[in-house]
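J.: So the chains spell out like this:
Number of protein chains: 2
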Amino acid sequence: MQHVEQYLTTNASRFEEELKTLLRIPSVSADSRHNGDTRRAAEFVLAQMQGMGLTAELVETAGHPIVHGQWLGAPGAPTALVYGHYDVQPPDPLDKWISPAFEPTVRDGCIYARGATDDKGQMFTHLKSIEAWMKTVGKLPVNVHVVIEGEEEVGSDNLDKYLDDHRTQLKSDVGVISDTSQFAPGVPAVTYGLRGIVAVEVTLRGPRQDLHSGVFGGSVANPVNQLARLIALLHDDQNRIQIPGFYDDIPPLSDVEREWFAKLPFDAAADLQKLGIDSGWGETGYTTLERRWARPTCDVNGIFGGYQGEGPKTIVPSFATAKITCRLVPNQDPVKIVKALEKFLRDKCPAGIKLEFTDGHGCPACAVDTKSPYIGAARKAIQAAFDAEPVMIREGGSIPVVATLRQILGIDTLLLGWGQNTDNLHSPNEHFRLADFHRGIRASAHLWQELAQVKRA
Amino acid sequence: MQHVEQYLTTNASRFEEELKTLLRIPSVSADSRHNGDTRRAAEFVLAQMQGMGLTAELVETAGHPIVHGQWLGAPGAPTALVYGHYDVQPPDPLDKWISPAFEPTVRDGCIYARGATDDKGQMFTHLKSIEAWMKTVGKLPVNVHVVIEGEEEVGSDNLDKYLDDHRTQLKSDVGVISDTSQFAPGVPAVTYGLRGIVAVEVTLRGPRQDLHSGVFGGSVANPVNQLARLIALLHDDQNRIQIPGFYDDIPPLSDVEREWFAKLPFDAAADLQKLGIDSGWGETGYTTLERRWARPTCDVNGIFGGYQGEGPKTIVPSFATAKITCRLVPNQDPVKIVKALEKFLRDKCPAGIKLEFTDGHGCPACAVDTKSPYIGAARKAIQAAFDAEPVMIREGGSIPVVATLRQILGIDTLLLGWGQNTDNLHSPNEHFRLADFHRGIRASAHLWQELAQVKRA
Chain A
543 MQHVEQYLTT
553 NASRFEEELK
563 TLLRIPSVSA
573 DSRHNGDTRR
583 AAEFVLAQMQ
593 GMGLTAELVE
603 TAGHPIVHGQ
613 WLGAPGAPTA
623 LVYGHYDVQP
633 PDPLDKWISP
643 AFEPTVRDGC
653 IYARGATDDK
663 GQMFTHLKSI
673 EAWMKTVGKL
683 PVNVHVVIEG
693 EEEVGSDNLD
703 KYLDDHRTQL
713 KSDVGVISDT
723 SQFAPGVPAV
733 TYGLRGIVAV
743 EVTLRGPRQD
753 LHSGVFGGSV
763 ANPVNQLARL
773 IALLHDDQNR
783 IQIPGFYDDI
793 PPLSDVEREW
803 FAKLPFDAAA
813 DLQKLGIDSG
823 WGETGYTTLE
833 RRWARPTCDV
843 NGIFGGYQGE
853 GPKTIVPSFA
863 TAKITCRLVP
873 NQDPVKIVKA
883 LEKFLRDKCP
893 AGIKLEFTDG
903 HGCPACAVDT
913 KSPYIGAARK
923 AIQAAFDAEP
933 VMIREGGSIP
943 VVATLRQILG
953 IDTLLLGWGQ
963 NTDNLHSPNE
973 HFRLADFHRG
983 IRASAHLWQE
993 LAQVKRA
Chain B
543 MQHVEQYLTT
553 NASRFEEELK
563 TLLRIPSVSA
573 DSRHNGDTRR
583 AAEFVLAQMQ
593 GMGLTAELVE
603 TAGHPIVHGQ
613 WLGAPGAPTA
623 LVYGHYDVQP
633 PDPLDKWISP
643 AFEPTVRDGC
653 IYARGATDDK
663 GQMFTHLKSI
673 EAWMKTVGKL
683 PVNVHVVIEG
693 EEEVGSDNLD
703 KYLDDHRTQL
713 KSDVGVISDT
723 SQFAPGVPAV
733 TYGLRGIVAV
743 EVTLRGPRQD
753 LHSGVFGGSV
763 ANPVNQLARL
773 IALLHDDQNR
783 IQIPGFYDDI
793 PPLSDVEREW
803 FAKLPFDAAA
813 DLQKLGIDSG
823 WGETGYTTLE
833 RRWARPTCDV
843 NGIFGGYQGE
853 GPKTIVPSFA
863 TAKITCRLVP
873 NQDPVKIVKA
883 LEKFLRDKCP
893 AGIKLEFTDG
903 HGCPACAVDT
913 KSPYIGAARK
923 AIQAAFDAEP
933 VMIREGGSIP
943 VVATLRQILG
953 IDTLLLGWGQ
963 NTDNLHSPNE
973 HFRLADFHRG
983 IRASAHLWQE
993 LAQVKRA
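In the order they appear, the protein sequences are chains A and B.
Sequential numbering from 543 applies to the first sequence in this note's numbering.
Sequential numbering from 543 applies to the second sequence in this note's numbering.
Treat the hints with caution; some may be incorrect.
Listed next, the in silico DSS-like pairs over lysine-lysine satisfying Cα-Cα at most 30 Å (straight line) [said to hold, decoys possible]: (1) A:Lys855 - B:Lys713; (2) B:Lys855 - A:Lys896; (3) B:Lys816 - B:Lys638; (4) A:Lys890 - B:Lys997; (5) A:Lys638 - B:Lys855; (6) B:Lys677 - B:Lys713; (7) A:Lys890 - B:Lys913; (8) B:Lys638 - A:Lys885; (9) A:Lys922 - A:Lys805; (10) B:Lys713 - B:Lys890.
If the Cβ cut is set under 8 Å, some of the chain A residues that face chain B in the computed set are [unchecked claim]: (11) Thr552; (12) Ala554; (13) Gly760; (14) Val766; (15) Ala804; (16) Ala812; (17) Gln815; (18) Asp820; (19) Tyr849; (20) Pro859; (21) Asp889; (22) Gln925; (23) Ala926; (24) Ala930.
Hints were generated in silico from the structure; no laboratory data involved.
Source: prediction; values computed, not measured.
Think of the CB as a built atom: it goes at the ideal place given N, C-alpha and C, for glycine as much as any other residue.
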């Protein structure tokens with residue numbers, strides 16, 4: 543490790559310059575005018591992998607290519623699969639950027655550019671740590687697959703097929719992703735759980751066309767009133783979800799986890815104030831972080847029906863639609879939840895109203911056993927690089943690839959975020975603290991060492 | 543009456559030709575390109591009034607002029623105020639008309655044109671009946687004011703001011719309006735009640751901006767879910783409105799009225815089927831017609847909030863808005879109802895949500911005492927002309943001028959519809975059965991005679 547550490551120190555400036563080169567490529571996957579740039583970013587990543595001695599290739603897909611690199615020279619040792627992405631969000635609105643989105647600029651110790659943290663900068667830490675091992679020790683203590691895709695920001699349409707087609711080649715023991723955040727500055731974290739999601743759309747149809755509310759009002763079921771009634775029935779006055787069976791498969795939140803969350807440096811009132819809200823809300827008996835990370839939800843994301851212009855219009859609308867998502871927690875089955883939700887709504891729908899139900903995408907929640915030796919390895923690696931014991935956190939959002947790695951390759955994933963949740967991901971002036979960039983590389987270099995100690999199951 | 547009846551028979555064809563002349567004028571009040579035409583229609587009505595011996599004038603307003611005619615030569619007799627309008631709805635969509643909207647054409651005994659029934663044709667019946675009296679008897683048995691406006695289809699913005707400014711001049715005993723319908727072909731009606739209305743808009747605001755539903759969902763009140771909850775609370779499971787005091791001032795529906803409604807030739811199931819609905823809905827204990835005519839409502843006319851595009855978007859919306867109208871029945875005070883509705887919503891609104899409430903327009907319900915001698919006079923006049931006893935009905939909609947006549951002049955209004963509710967008002971191929979046109983003129987001629995017998999209060 544001594545030679546590796548030395549290499550990281552000596553080459554720190556070059557790493558920054560290389561990252562800047564990658565950040566200058568406007569690899570906006572959503573914008574086909576940037577298809578050439580997106581491919582250039584893939585080729586840059588490919589060249590990096592080849593330069594450090596991985597066996598690497600560009601894998602063509604129906605969309606943007608996937609870059610795969612591997613080094614399998616540690617027989618008997620665990621195999622880690624590093625996932626990241628080289629594509630970025632569109633930079634709009636351009637006029638809100640202090641320095642241009644694709645001209646990386648360092649200010650106050652941070653590098654500003656689209657993709658600085660999401661995910662070019664974070665992904666690059668693993669490439670550089672592997673390079674350090676290969677260029678000094680001449681080998682890695684573990685086997686690695688590195689899969690860097692170019693469609694994360696547009697739904698990863700071609701990733702599942704790639705993973706499925708290459709499931710034998712990619713056989714691994716644990717996933718590694720740096721696409722999340724530390725809990726706070728100086729508070730590095732291991733994210734051991736994510737919520738899942740199901741998304742559905744519900745339309746209630748009443749009369750064939752909008753009716754005069756004077757002539758007919760009071761004698762026909764109003765689809766907007768009835769949709770409101772159905773939505774209201776989804777929660778009781780403790781804000782518990784009323785869909786039968788919804789909570790059945792959820793194990794209680796452990797005392798250990800509740801203690802971890804409670805100890806975090808988090809001021810719920812201040813957090814709500816930043817959102818412009820004067821009071822919290824949620825399931826009775828849980829704290830704000832528990833509600834966000836460890837309890838399921840049923841939120842209407844959008845609703846529309848009837849007249850939406852200026853002033854009044856005296857109609858009984860012919861239909862109303864709601865878009866609903868449930869955030870799921872580990873052990874809830876998305877298919878079962880969607881079926882239960884549909885049945886609940888159909889059971890409560892009154893005569894005179896037709897209900898249409900569209901099942902959108904879904905993805906189960908993930909949780910890694912916090913006692914897993916891989917988690918232990920990650921904690922040690924972070925402690926060594928950040929000089930602070932990492933906290934154990936979850937996130938409320940979903941990272942579909944984590945569920946995919948579980949489903950297709952059967953592996954858990956270590957979510958090791960080096961950035962901050964204030965780094966303006968998906969917004970103007972995205973940035974990444976350079977100190978965190980270098981600590982991330984160092985933690986990654988330690989991770990290979992620590993993972994090598996883990997006895998494979 | 544014999545000479546009057548004879549005159550109506552002799553001049554029937556001329557009346558039709560004169561109506562056609564009026565119908566050829568495209569007096570579309572909503573379209574300023576037709577301002578010249580709209581004024582021409584007013585001048586046509588003025589000339590008619592002057593030709594039959596009324597003292598008449600064009601009253602300029604901030605919008606289209608009002609035509610006023612009067613004959614006050616029957617001292618001691620009651621004074622009737624006839625209201626009508628010479629403006630019409632836009633004719634669009636033009637390509638749906640079998641014969642052009644402003645080229646009146648007779649087919650199957652009906653005259654087809656925009657305004658045929660609403661309201662040129664119906665309004666014209668009163669002008670022709672007055673003409674018949676004046677040209678034969680040389681006088682009317684009652685006093686009359688005739689007020690024909692040109693802004694009914696665009697909200698009657700200038701009518702209230704005119705009535706208020708001329709309240710002394712226009713002092714009358716009873717209003718007469720033919721702008722409704724018979725109950726069915728061969729079933730003439732006196733409409734003795736209308737519902738009122740209040741219109742409000744409610745917006746719930748939560749977070750300053752849309753939030754990521756994964757990161758924050760479950761820990762902040764969702765404005766769409768909460769708006770749905772408030773809307774759902776408006777009704778109980780008997781579909782009774784839950785706003786405290788909402789029903790307090792409503793007298794029970796009388797057995798006589800319930801019997802009238804029950805005896806009408808009305809097939810509720812067939813009516814719902816025409817609307818595309820397989821089942822009725824409404825307040826327990828009331829029939830379809832009672833729900834439409836004699837019971838109040840609380841309908842959401844429109845709702846919107848959050849994401850309304852294609853597919854899902856995983857947000858907690860920052861706000862949601864509903865447009866709500868209550869249809870009111872006689873004795874409910876619009877101001878009191880709006881206040882009670884606002885208080886109800888504010889009381890139920892949870893912490894973490896700000897409620898904005900906008901009070902729109904309102905208008906009380908109207909009901910004429912069915913034992914009133916004016917009603918009796920109208921029933922006799924209709925019986926004489928239609929050779930059928932008129933049924934006593936209400937309407938679920940509002941005709942604001944009826945409330946205005948009550949408020950400003952202190953008079954009740956006789957709503958005497960000569961058309962059918964299948965005459966395509968506001969739609970292509972509007973028409974008016976010529977037999978109904980002539981029966982309307984005859985009923986109006988009898989009405990002056992019958993009203994003369996009424997002892998003024």
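J.: Going straight from one Cα to the other, do A:Lys638 and B:Lys855 come out at no more than 30 Å?
T.: holds (24 Å)
J.: If you draw a straight line from the CA of B:Lys855 to the CA of A:Lys896, is it 30 Å or shorter?
T.: Since the Cα atoms of B:Lys855 and A:Lys896 sit roughly 24 Å apart, the hinted pair holds (cutoff 30 Å).
J.: For the hint on A:Ala554, just tell me whether its beta-carbon gets within less than 8 Å of chain B.
T.: With a closest approach of 32 Å, the A:Ala554 hint is violated.
J.: Min Cβ distance, A:Val766 to chain B: is it shorter than 8 Å?
T.: holds (4 Å)
J.: Would you mind confirming whether the straight-line C-alpha gap from A:Lys890 to B:Lys997 stays at or under 30 Å?
T.: Outside the cut-off at roughly 58 Å; violated.
J.: If you take the shortest Cβ to Cβ gap from A:Ala930 to chain B, is it below 8 Å?
T.: Cβ of A:Ala930 sits 23 Å from chain B, so the hint is violated.
J.: For the pair supplied as a hint, A:Lys922 and A:Lys805, is the alpha-carbon distance within the 30 Å limit?
T.: Distance ~20 Å between A:Lys922 and A:Lys805 Cα, so the pair holds.
J.: Is the interface hint for A:Thr552 satisfied, with its Cβ closer than 8 Å to some Cβ of chain B?
T.: Not OK, violated: A:Thr552 not within 8 Å of chain B, min 39 Å.
J.: Next item in the hint list is A:Asp889. Is there a CB on chain B closer than 8 Å to its CB?
T.: violated (14 Å)
J.: Taking 8 Å as the limit, does the beta-carbon of A:Ala926 come near enough to a beta-carbon in chain B?
T.: Constraint on A:Ala926 not satisfied, violated at 29 Å.
J.: With the threshold set at 30 Å, check whether the alpha-carbon distance from A:Lys855 to B:Lys713 stays at or below it.
T.: violated (34 Å)
J.: Hinted pair, alpha-carbon criterion (30 Å max): B:Lys713, B:Lys890. Please report holds or violated.
T.: violated (47 Å)
Of the numbered hints listed earlier, those contradicted by the structure are 1, 4, 7, 8, 10, 11, 12, 15, 16, 17, 21, 22, 23, 24.
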